[in-house]
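Required output: the full structure, derived from the provided sequences and hints.
Chains as they are written, first to last, in the working numbering: chain A, 1 to 282; chain B, 1001 to 1282; chain C, 2001 to 2341.
Take these hints with a grain of salt, some might be off.
Label-pair ranges, simulated between beta-carbon atoms [said to hold, decoys possible]:
id, chain 1, residue 1, chain 2, residue 2, range
1, B, Lys1175, C, Asp2110, 30 to 36 Å
2, B, Pro1198, A, Phe268, 53 to 59 Å
3, B, Gly1187, C, Arg2327, 54 to 60 Å
4, A, Thr46, B, Tyr1131, 14 to 20 Å
5, A, Asp176, B, Leu1047, 57 to 63 Å
6, A, Phe268, C, Glu2017, 33 to 39 Å
No lab work stands behind these hints, which were simulated from the structure alone. C-beta: ideal position from N, C-alpha, C; glycine also.
Here is what each chain is made of, one letter per residue.
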Amino acid sequence: MRRGALRRIGARALHVFVLVFFVVALAFPFFWMLIATFKRNIDLYTVENNPFLFNMPPTLEHLRFLFAETRFVRWLGNTALVGVLVVAITLLLSVPAAYALARLAGRWGERLGIAIFLTYLIPPTLLFIPLSRVVALLGLQDSIFSVVVVYPTMTVPFSVWLLMAFFKSIPKELEDAAMVDGLTRFGAFLKMVVPISVSGILTVVIFTFTLVTQEFVYALTFISPESNQMVGVGIPIFLVRGDVYYWGSLMAACLVASLPIAVVYNLFLDRFIAGFTVGSVK
Amino acid sequence: MLLPAVLYILALVGLPLVLAVFYAFSDARIGSTSIHWVGLENFRSILESPSFRKAIRNSVVFTVSAQVIVIVCSTILSIALEKPFRGRGIVRFLILLPWVAPVSLGTIGWKWILDSIYSVITWVLVALHVYKPYSAPMWLGEPHLAMASVVLVHCWRLIPFSTVIVLAGLSAIPKEVPEAAAIDGAGFWRTLFQINIPMMAPILSVAILFGTVFTFTDMTVVYILTAGGPFDSTQTLPSLAFATGIAGSDLAAGAAISLFLVPVLVGVAYLMLRVAHRAEVT
Amino acid sequence: MAVVETRNLTKVFKEGELGAVNDVNLATEEGEFLVFLGPSGSGKTTLLRMVAGLETPTSGEILIGGRVVNGLTPRERRIAMVFQSYALYPHLTVYKNIAFPLKAQKVPRDQHRKKVEWAAGLLGIGRLLERKPRELSGGERQRVALARAIVREPAVFLLDEPLSNLDAKLRASAREELEQFHKSIGTTTIYVTHDQVEAMAMGDRVVVMDKGRVRQIGTPAEVYDEPADTFVATFLGSPPMNLVPGAGGITGFRPEHFQPARVAAVPDSVAMRLTFSHEEYLGAERMLYGTLADGPSAGAKVVSRIASTHAGLFTKGATYDFAVEKRHLKVFDPATGARKT
Chain A
1 MRRGALRRIG
11 ARALHVFVLV
21 FFVVALAFPF
31 FWMLIATFKR
41 NIDLYTVENN
51 PFLFNMPPTL
61 EHLRFLFAET
71 RFVRWLGNTA
81 LVGVLVVAIT
91 LLLSVPAAYA
101 LARLAGRWGE
111 RLGIAIFLTY
121 LIPPTLLFIP
131 LSRVVALLGL
141 QDSIFSVVVV
151 YPTMTVPFSV
161 WLLMAFFKSI
171 PKELEDAAMV
181 DGLTRFGAFL
191 KMVVPISVSG
201 ILTVVIFTFT
211 LVTQEFVYAL
221 TFISPESNQM
231 VGVGIPIFLV
241 RGDVYYWGSL
251 MAACLVASLP
261 IAVVYNLFLD
271 RFIAGFTVGS
281 VK
Chain B
1001 MLLPAVLYIL
1011 ALVGLPLVLA
1021 VFYAFSDARI
1031 GSTSIHWVGL
1041 ENFRSILESP
1051 SFRKAIRNSV
1061 VFTVSAQVIV
1071 IVCSTILSIA
1081 LEKPFRGRGI
1091 VRFLILLPWV
1101 APVSLGTIGW
1111 KWILDSIYSV
1121 ITWVLVALHV
1131 YKPYSAPMWL
1141 GEPHLAMASV
1151 VLVHCWRLIP
1161 FSTVIVLAGL
1171 SAIPKEVPEA
1181 AAIDGAGFWR
1191 TLFQINIPMM
1201 APILSVAILF
1211 GTVFTFTDMT
1221 VVYILTAGGP
1231 FDSTQTLPSL
1241 AFATGIAGSD
1251 LAAGAAISLF
1261 LVPVLVGVAY
1271 LMLRVAHRAE
1281 VT
Chain C
2001 MAVVETRNLT
2011 KVFKEGELGA
2021 VNDVNLATEE
2031 GEFLVFLGPS
2041 GSGKTTLLRM
2051 VAGLETPTSG
2061 EILIGGRVVN
2071 GLTPRERRIA
2081 MVFQSYALYP
2091 HLTVYKNIAF
2101 PLKAQKVPRD
2111 QHRKKVEWAA
2121 GLLGIGRLLE
2131 RKPRELSGGE
2141 RQRVALARAI
2151 VREPAVFLLD
2161 EPLSNLDAKL
2171 RASAREELEQ
2181 FHKSIGTTTI
2191 YVTHDQVEAM
2201 AMGDRVVVMD
2211 KGRVRQIGTP
2221 AEVYDEPADT
2231 FVATFLGSPP
2241 MNLVPGAGGI
2251 TGFRPEHFQP
2261 ARVAAVPDSV
2271 AMRLTFSHEE
2281 YLGAERMLYG
2291 TLADGPSAGA
2301 KVVSRIASTH
2311 AGLFTKGATY
2321 DFAVEKRHLK
2331 VFDPATGARK
2341 T
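Written as structure tokens, this is what we have:
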């Protein structure tokens, strides 16, 4: 009996160790950002000081600098604007497409769906060079609308895939019943299918928004002027003056930009998993 | 219903893909309007270039090593997270941070942690007397350490994503199967390796395939962390494509380099379809 | 072969709430086929899982073969279990499924084939050894699960509603096979079910459970003819025993004992008059529904079950003479439900 109890304590200790190890390893950089945000420069840049402690009282200087003397706020605004526009375009394109594919009988529906999903596997780092020319051709070079036009290429495939699975799970009988009751096919779609799929649509919205905030390559390639840039590119590129990194403000910017996204994403996590795995493993 | 999405994808994914191929066989440059066909000239010159050979080698090495580390770590972590415990929600939030925060911002955080002078890792190692002050290695300045750092950041980002997917796979195993194994006499390890993991094979494949795409096609981590240096030792295919095509204005060479991503992507797409097909048959 | 015993066994899942299993005392006999019978939520599966070692008791003891096994893992108890879903390993062939317990117990490789073939032969699945579980029918999967259980020659067999996943037609033949199987190997078996027909047909003894408590333990004849309380009386038998309020308690009599009165009166029977309501013709039998016309239980709904060879016609609303032999009358205490006579 003692052997069993000892084994159980050992297992528990290992369990705790694994969790602590990974939590520290994964969350540490953000904790570090937090500390750097509030440390005075002198403290920050003195090698002998213990970096884990505040050897001098904390300061709000980096935050002040970030909000008052850089274009950080402007970048946040740009990101939000692009986010909203891209979400709208994505929904407009993918909801009807997903519905049509879900209701399309036979193997063509399945095949087209898979084809659309596969386009998700085509990365920005393959398309960014020709797309930069397309963007220039459309006269959108350096404008935030360049990414507004291009980002849906990344969001539409996955959204169609996700919504297709959603719509498929809604029994056709529901719409048939609505049509028997007098609605047109489109009316049935609006009144029956959309309300039930709110969960899926919400997932698409969150996914799209987080993708906009995460994206780097296209924004870097298409947009040069600082004031038109977004948060993901602005921070690494423009908060560095020449070769000098203003670490304090840089870390503050990272923290401020990351945390809200993290909170929102976390709330919708379970839906994402369903989205990633629903197609691959039934 | 379907047409807008299909047209959009054809225009902004299909067309650029064709253009990429076209550019690869041309002499296109940023700023020049004339384009000529040059046959295989671009491919010949990049295949001879040492930076290109380094880039291909790095792309493969980084991707493979990252996937191995990630799949092992995420399997361990998901087993630790499987059973509910107090505080699991907070742990989950913290563990997810690397994945949900924008790529560029997390990478900058690591750049600060790995800074040649102010690195906290250096400080800890000096405090533990592993190194004498000012004699610790430059984490991003020495080729092999820089490569390890790039792999580290990729793993750091991917472990949360993988863990989430593997957890879903773990929860999908009907409770009675491991119980039957326990009754049959299997201990913890045998059940894990001979029952649980084989049953999760499809979902593990999905995690690995997605992870492969994310690592192989990423340029952001390299660009921000090391800019491909020192001496091209951390250059990867996508980052080299960007450096050549956009920063170096040589669109044609950049396009040619990025085309080398295609074989791997095609392979991944094929494998994903196989996994999905197998899962459907079961 | 061993005897399974529980002493004051209790399992509480949520503090302050009624336990899933409450103070259960029982002991199997060597080689018997013991059935845990009860509705869902009665605790029978929890009880089985505690014997298996998959749930830890809150209090009380479990003994197998005379020794207390409370602290032992399932593998140390030398039991085998067949789950409701069979829990076959989907990625392994039938052969590997059956061989898995041998592998886990580190039985030498060269002995595997002989034992697997013996177990497979016993269940008639020798030709399925290279298939995967997803290619098998429900009945075949059950046999694989049994083969996997028997290959280790365990001391006790535990079966958790193994027939409920089969369609009705298959169930009868599968049941018969299980009975034959038990006869041929003779291992002590505990079988959980909510189906009282299964329990009566297969069990040497039946443990009737409700809300975590044992109501009665006895042979099928005992629990059917001498039910310990109203729960057992109404759970066994379809349609259930008629229970009507009367002088001195609740009077009970089974539909098949509630017959139209004969022309020549049978001695020692109690007369009751039935106001007929409606009838169900079931082929071999007829079920007559109505209410008692008079007496202390007037108005109570009752059912009579007569053979179809009885050709009489009944009209709605009319009253007929029925009777029950005194020896078939049971009286139950209205407060506790326990049987008084």
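For each hint, the structure was consulted:
no. : hint                              : verdict
1   : B:Lys1175 / C:Asp2110: 30 to 36 Å : holds (34 Å)
2   : B:Pro1198 / A:Phe268: 53 to 59 Å  : violated (31 Å)
3   : B:Gly1187 / C:Arg2327: 54 to 60 Å : holds (58 Å)
4   : A:Thr46 / B:Tyr1131: 14 to 20 Å   : holds (18 Å)
5   : A:Asp176 / B:Leu1047: 57 to 63 Å  : holds (60 Å)
6   : A:Phe268 / C:Glu2017: 33 to 39 Å  : holds (34 Å)
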